[in-house]
Structure formats: C-alpha cells, structure tokens
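Top to bottom, those sequences are chains A and B. So the first sequence is numbered by the working numbering: it starts at 1 and just counts up by one. So the second sequence is numbered by the working numbering: it starts at 1 and just counts up by one.
It is possible that part of the hints are untrue.
Label-pair restraints from in silico Cβ distances [what the hints assert, rightly or not]:
1. B:303 to A:158: 31 to 39 Å
2. B:236 to A:183: 26 to 34 Å
3. A:155 to B:276: 48 to 56 Å
Below 25 Å or equal to it, Euclidean Cα-Cα: the simulated DSS-like pairs (lysine-lysine) are [unchecked claim]:
4. B:307 to A:251
5. B:251 to B:317
6. A:269 to A:228
7. B:307 to B:251
8. B:269 to B:228
9. B:251 to A:307
Partner residues are not named here, just some residues of chain B that face chain A (Cβ under 10 Å, in silico) [said to hold, decoys possible]:
10. 129
11. 183
12. 277
13. 281
14. 282
Read the hints as simulated data drawn from the structure, not as lab findings. Heads up, the beta-carbon is just placed ideally off N, CA and C, and yes, glycines get one too.
Protein chains: 2
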Amino acid sequence: MKLATYKDGSRDGQLVVVSRDLSTAHYATGIAERLQQVLDDWNFLSPQLQDLYHALNHGKARHAFPFDAARCKAPLPRAYQWADGSAYINHVELVRAARGAQVPESFYTDPLMYQGGSDDFLGPCDDVVVANEAFGIDFEAEVAVVTGDVPMGAGPEQALDGIRLVMLANDVSLRNLIPDELAKGFGFVQSKPATAFSPVAVTPDELGEAWQGGRVHLALQSSWNGRKVGLCDAGPEMTFHFGQLVAHLCKTRNVRAGSIVGSGTVSNKGVEGKGGKMEWPKGYSCIAEKRAMETLLDGQPATGFMKFGDTIRIEMKGRDGQSVFGAIDQEIVPLHKD
Amino acid sequence: MKLATYKDGSRDGQLVVVSRDLSTAHYATGIAERLQQVLDDWNFLSPQLQDLYHALNHGKARHAFPFDAARCKAPLPRAYQWADGSAYINHVELVRAARGAQVPESFYTDPLMYQGGSDDFLGPCDDVVVANEAFGIDFEAEVAVVTGDVPMGAGPEQALDGIRLVMLANDVSLRNLIPDELAKGFGFVQSKPATAFSPVAVTPDELGEAWQGGRVHLALQSSWNGRKVGLCDAGPEMTFHFGQLVAHLCKTRNVRAGSIVGSGTVSNKGVEGKGGKMEWPKGYSCIAEKRAMETLLDGQPATGFMKFGDTIRIEMKGRDGQSVFGAIDQEIVPLHKD
Numbered sequence: 001m002k003l004a005t006y007k008d009g010s011r012d013g014q015l016v017v018v019s020r021d022l023s024t025a026h027y028a029t030g031i032a033e034r035l036q037q038v039l040d041d042w043n044f045l046s047p048q049l050q051d052l053y054h055a056l057n058h059g060k061a062r063h064a065f066p067f068d069a070a071r072c073k074a075p076l077p078r079a080y081q082w083a084d085g086s087a088y089i090n091h092v093e094l095v096r097a098a099r100g101a102q103v104p105e106s107f108y109t110d111p112l113m114y115q116g117g118s119d120d121f122l123g124p125c126d127d128v129v130v131a132n133e134a135f136g137i138d139f140e141a142e143v144a145v146v147t148g149d150v151p152m153g154a155g156p157e158q159a160l161d162g163i164r165l166v167m168l169a170n171d172v173s174l175r176n177l178i179p180d181e182l183a184k185g186f187g188f189v190q191s192k193p194a195t196a197f198s199p200v201a202v203t204p205d206e207l208g209e210a211w212q213g214g215r216v217h218l219a220l221q222s223s224w225n226g227r228k229v230g231l232c233d234a235g236p237e238m239t240f241h242f243g244q245l246v247a248h249l250c251k252t253r254n255v256r257a258g259s260i261v262g263s264g265t266v267s268n269k270g271v272e273g274k275g276g277k278m279e280w281p282k283g284y285s286c287i288a289e290k291r292a293m294e295t296l297l298d299g300q301p302a303t304g305f306m307k308f309g310d311t312i313r314i315e316m317k318g319r320d321g322q323s324v325f326g327a328i329d330q331e332i333v334p335l336h337k338d
Numbered sequence: 001m002k003l004a005t006y007k008d009g010s011r012d013g014q015l016v017v018v019s020r021d022l023s024t025a026h027y028a029t030g031i032a033e034r035l036q037q038v039l040d041d042w043n044f045l046s047p048q049l050q051d052l053y054h055a056l057n058h059g060k061a062r063h064a065f066p067f068d069a070a071r072c073k074a075p076l077p078r079a080y081q082w083a084d085g086s087a088y089i090n091h092v093e094l095v096r097a098a099r100g101a102q103v104p105e106s107f108y109t110d111p112l113m114y115q116g117g118s119d120d121f122l123g124p125c126d127d128v129v130v131a132n133e134a135f136g137i138d139f140e141a142e143v144a145v146v147t148g149d150v151p152m153g154a155g156p157e158q159a160l161d162g163i164r165l166v167m168l169a170n171d172v173s174l175r176n177l178i179p180d181e182l183a184k185g186f187g188f189v190q191s192k193p194a195t196a197f198s199p200v201a202v203t204p205d206e207l208g209e210a211w212q213g214g215r216v217h218l219a220l221q222s223s224w225n226g227r228k229v230g231l232c233d234a235g236p237e238m239t240f241h242f243g244q245l246v247a248h249l250c251k252t253r254n255v256r257a258g259s260i261v262g263s264g265t266v267s268n269k270g271v272e273g274k275g276g277k278m279e280w281p282k283g284y285s286c287i288a289e290k291r292a293m294e295t296l297l298d299g300q301p302a303t304g305f306m307k308f309g310d311t312i313r314i315e316m317k318g319r320d321g322q323s324v325f326g327a328i329d330q331e332i333v334p335l336h337k338d
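Isolated chain A (complex conformation) (with noise of 0.2 Å):
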C-alpha cells in the first residue's frame, strides 16, 4: 500500500491512503491519524489501512479526492531516528578519488553511517530555505526505508524483516560546511540541514520483483532546474542492502519502529569511453560527484553548487513507467526573503 501524511496546520498532519496510481486519496481516519500511530503498532493497523487500500483502488472508497502531491507533509514529518548510510561505495570512491585520497579497505565491509536530525523534516514540494549560497548547496537523491522494531544484535535477515515502508529522500547537502565537521570527527550537524522524503512511502510489496535482497532495482532520477542529470539505477551496485545498514545501526542498540535509514546517494560507476576517457552515462545524484567527476578528467571542477532559485526533482519510475513514490520537487530560497 502507499500512505501519505497531509498538511493540516498540525505538526504532524493527517495519515492519507494513497491509490496505487498516485491520482485519489483518502484519509485514514478512524484506523489511524498519524502515520508514526500504525508503525508503533503495524500488526493490528496495517490491514485496516490495507483494506481501505484496496477499495480506494477499486474506486470503492468512498470519500475519496484527487491527490495532490504539494500538500503532502514527509510521510513522517518527524522521526524518531534518521540514520543515512552511504551505501554506495562508487560515491565514495569518486569523491575520494577526485581529491587523491584512498579508500580504506574496511569501507567494504563496515558501512559508512552518520546519524541525522528527525525533529524537522521537509515535505516533498517544501522550500529548501538556506541562509547563505556561500555553503554550497547541494542536493544528494536517495532511496530510504522506515523499520518496526529491530532488536539490538539483529543480523542483515531479521534486520530485513523489520523494514516496513520504502521512500526517497533528498538528504540536502552543504558541501563547504562539510570539510571542517568530517575533521571534527563527530558527525554532520550544520552540514546536513533538513532532509525532504518523497509524497508518498510504500510499503515493499509495492515494489513487486524490484524489491530483491533489500535493494530497490529501479532507476533514480535527479533533474536540476529541469535538466535530467541522474538516471541511477539504485539497485546492484548498493554495496550494502538495507537489512545490512540496520544491522550495522541496532549492532549495539535496540532500532525502534518508526527509524529511517537512508542508502546514501544513490551512485554508480564510470565506464570507459571513446579513447579511454571515462564517462558516467547515468549521470549523477548529487552535484558533488559531477564535480568529482569534472576533477578527474579535467583537474578541476566546473560545475557550481545550488543557486537561490535552482530547483531539484527526484522520482523513480516502476516497470511499469508510473511514478512509485511521487516526486520530490523542490526549490532553494533564502532563509530572509525581502
């Protein structure tokens, strides 16, 4: 099923089912207001919502109304835990590689995870508000999940298992800010601002053969001020699937039911082209690996960062050509607008 989160003044907003086609809605209410509701307590509300589900798209439902992607708070407009990996170990590699440095032989094997804040997500159509184009702004696309409980020492299975909804997130980047905090060791604070999520989480079912051994096989599209510069395909080069990134965070904690965790900018690799250069023809999915890849191939980067102004969508499309999620579709604006 897919379920959204409505704006309606509250923190919180009003839980919504959404048709499979993304076109009607319909609230939950009555079964559940708040989606963080029917995560706490998945077993017992989730068929109901199923149910509802299932006549909304059979036009059955009978106070439906056309869904509208643009008043759609994130699915959880505020989490109790968002952890973002970075899964996709040919990210690293390039950003790593464009500024000579190597890549430790245990980023194979042990994920590269930060822990972000949850207190103030963005919807999907929300501003991107920034104080300062000085900092670099950048988006980074990506695919995130949402667990029930997953107990301390789960493995990659059960791990698994604890995964209820799949979205996308745009885990908005300030580049400049970056260096001196990844020196200070502790992790992002000011370098990650508020992350958006695609309108609408669906549940992995949803997916049908692209969900496999945790990793969604579909392609990611990033388009920047309406150019498409990303067709990633998010699926066999995820290093690390989704039950080994929550084992990786419940290794020494309980995860509990609403946590999301993140893939990390969705990445894949170089290939070599005419006369040997190498070429990317899927593209990117955040500006700091087009720059990486400028940077190897001509020494320098070329490409600036987020203007005021600039917007950025991202969506995935199923087999089937129908948007799964809906889009993120956003634009960067100054914090103090005249």
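Since the structure of chain A is provided, determine the placement of chain B on it from the hints.
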C-alpha cells in the same frame, strides 16, 4: 516545576507532576498524557501543570501518591532529536593530552557536537544492556536541556530563551568502538548506545540562582559501584553554555520542540598538588578521564572500564542539599542473561 514519565507498558508512558522534594507525584491526566504534547503546546499547557505542581507542593493535590524513581521512563522516553555537545573543553584537553594530541584552536570557539539516537532512551533505573564487556563500557555524567522551537539562525541568547527543561544524562559510551568511528569522521553510531536520563526534568526556575548564563552551577556526583568518584562543578568550567550549544545546532536548520541537547562529560581542571604533581580533587564524570589522568601521571591507565554487574549512580544536589532531578542508578548487564 518538576515532571516525570511513569512506565505504563506503552512506548511513551504517562506524564506525572512531581513535588519539589520528590516525595509525591500526581498524574497529569486531564492536562496532557505525554511530555512531548506539553512541549508541542508549551504556552497553553505548562501553566496548567504549574497549577497542579503548586497544589502538589502544598499537599492539596487530590490524588497524589508517593513518587518512585524506579517506575520512571526517561522524561522523554523517545525524542525527535538528541544532540550531545562536548562543552567542557577540559574533558577534551585531558583525553587528548593523554594520547599526546593537541587540541585544535577552533575547539575553543566552535563546539564539538554529535547527533545521537533518540528512538530508545533508558529510564533512570533501567539496566544498561551491552553485548560484550570488551566494547569498553563507560558512563558519562552530563547535564542536558530540552528545548521548545528554536528557529534557524537564532543566536545564543534567543536559543537560551528556548530552553524549557533541564535534566541529567548518562551518555553510555563504548570506548573501544570509538577510535574506528572517529576515524571514519561520520560520528558515533555503534559506540554510543541508548542514553539514560534522570527521573525528573525541571524547569530552569527550579534551579534558582544556580541557573546562570545558561549553565547549572551545582556539583554533579558520580558513584561507581557505590564509591563516589566524581563531584564535578557543572558551572564555571562549561566552555560553551547551553544557549551557545543550541545556537550551534540551529545554525542551518530549525530546532523543534522536544529536542534534547547535552553538555558532554562534566569535567573540572586539575590542580598542582604536592611536589608539583597534578591532582584532580573533584574526580571524574567518566572512566576515560580517570584513565587519561593515570596516563598523564604514570604513563599508562590502571583503571579498567565497567564490568557486568557494575553500577553507576549520577545525581545533583541543590544548595539546600536536596536531590534536584532524582538519581540515575543503573546496572550494567549482558545482552543475553542465562
């Protein structure tokens, strides 16, 4: 006023108001069921709780019962944000000096802060469950605050106004997992398991003159296996006050109601003793500091980390000698008891 959350089998527990002397309590039913609700709507709900607190202190609350810290969850059993600073620079100096490392100049103007997991906090008397003693189990006695909404870009003074509650924390640390995570630069995921908080969270006015300039001017007691090992003054040596810590956190993002911000290990400078030898008369608020002291004096640490069955008690007395927050009082236990 003083607030706590009683265990009732649910994830969020039941909000109770606790008398100033911690002897009696009263359910806040009818006003709010959960502390997060109060933080979400502070101006409307907190005066009602204040009235109940007043009645309770004067023996006029109708359904008061004896307060029992052992029945408490953390005041916020789960939260939307837990960001822990390292605001006592002496702690950083001590630990770095022991390994022959310098403290970068920027650490005196730019706070260290990591984002922690906030989905599964421990109550003040809950066991600290760890899979393996070899992880290097340590306590960290800290002060923490809970904020209201603080907008992006707020300065230290505005941030200080956004502080709603003060409490104590035991930021359990797995010391032997820290070096690898520090080297990755992405912060702490596995080396910082679930944090515990004091039975009671108090509004800053409860601290009277001990709350000055965003610091708590009282001594924090740590007792390890019943032996007092630390009586550290939390006030004057706090390099960054809580307003500065919250301002650091909200530089690039909004901080939302119910965010918890920690001070890091409370730490006091050593003094020159007899024969010019350094002494630390106020002791330590984490074992890592004790080991650093030993290394500076004798070239190597003599004190081991915590073992299964060890206990840690953390408490703060007011100027009247009464416990302000109640005591954190925990035992270290293995993940799988036979």
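Status of each hint after checking the structure:
About 37 Å separates the C-beta atoms of residue 303 of chain B and residue 158 of chain A, a value consistent with the hinted range of 31 to 39 Å. The given range of 26 to 34 Å is respected by residue 236 of chain B and residue 183 of chain A, whose C-beta atoms sit roughly 29 Å from each other. A hinted range of 48 to 56 Å for the beta carbons of residue 155 of chain A and residue 276 of chain B is consistent with their spacing of about 55 Å. At roughly 19 Å between alpha-carbon atoms, residue 307 of chain B and residue 251 of chain A fall within 25 Å of each other, so this suggested pair holds.
Proximity of residue 251 of chain B to residue 317 of chain B is assessed by CA-CA distance (about 34 Å); at most 25 Å being required, the pair is judged violated. Distance hint between residue 269 of chain A and residue 228 of chain A is fulfilled; the C-alpha atoms sit about 18 Å from each other, no more than 25 Å. With a CA separation close to 40 Å, the supplied pair residue 307 of chain B and residue 251 of chain B exceeds the 25 Å bound. Between residue 269 of chain B and residue 228 of chain B, the direct Cα distance comes to roughly 18 Å. Compliance with the 25 Å bound is thereby established for this hinted pair.
A threshold of 25 Å between alpha carbons decides the hint, and for residue 251 of chain B with residue 307 of chain A the separation of about 19 Å falls inside it, so the pair holds. Hint status for residue 129 of chain B: holds, given a least beta-carbon distance of 7 Å to chain A, under 10 Å. Because the closest C-beta pair between residue 183 of chain B and chain A is about 7 Å apart, less than 10 Å, the hint holds. This hint is violated: residue 277 of chain B has a C-beta 32 Å from the nearest C-beta of chain A, more than the 10 Å allowed.
Taking 10 Å as the C-beta contact cut-off toward chain A, the hint placing residue 281 of chain B at the interface is violated, the least distance being around 30 Å. For residue 282 of chain B, the shortest C-beta to C-beta distance to chain A is roughly 26 Å, which exceeds 10 Å, and the interface hint is violated.
Hints 5, 7, 12, 13, 14 from the earlier list are contradicted by this structure; the remaining hints agree with it.
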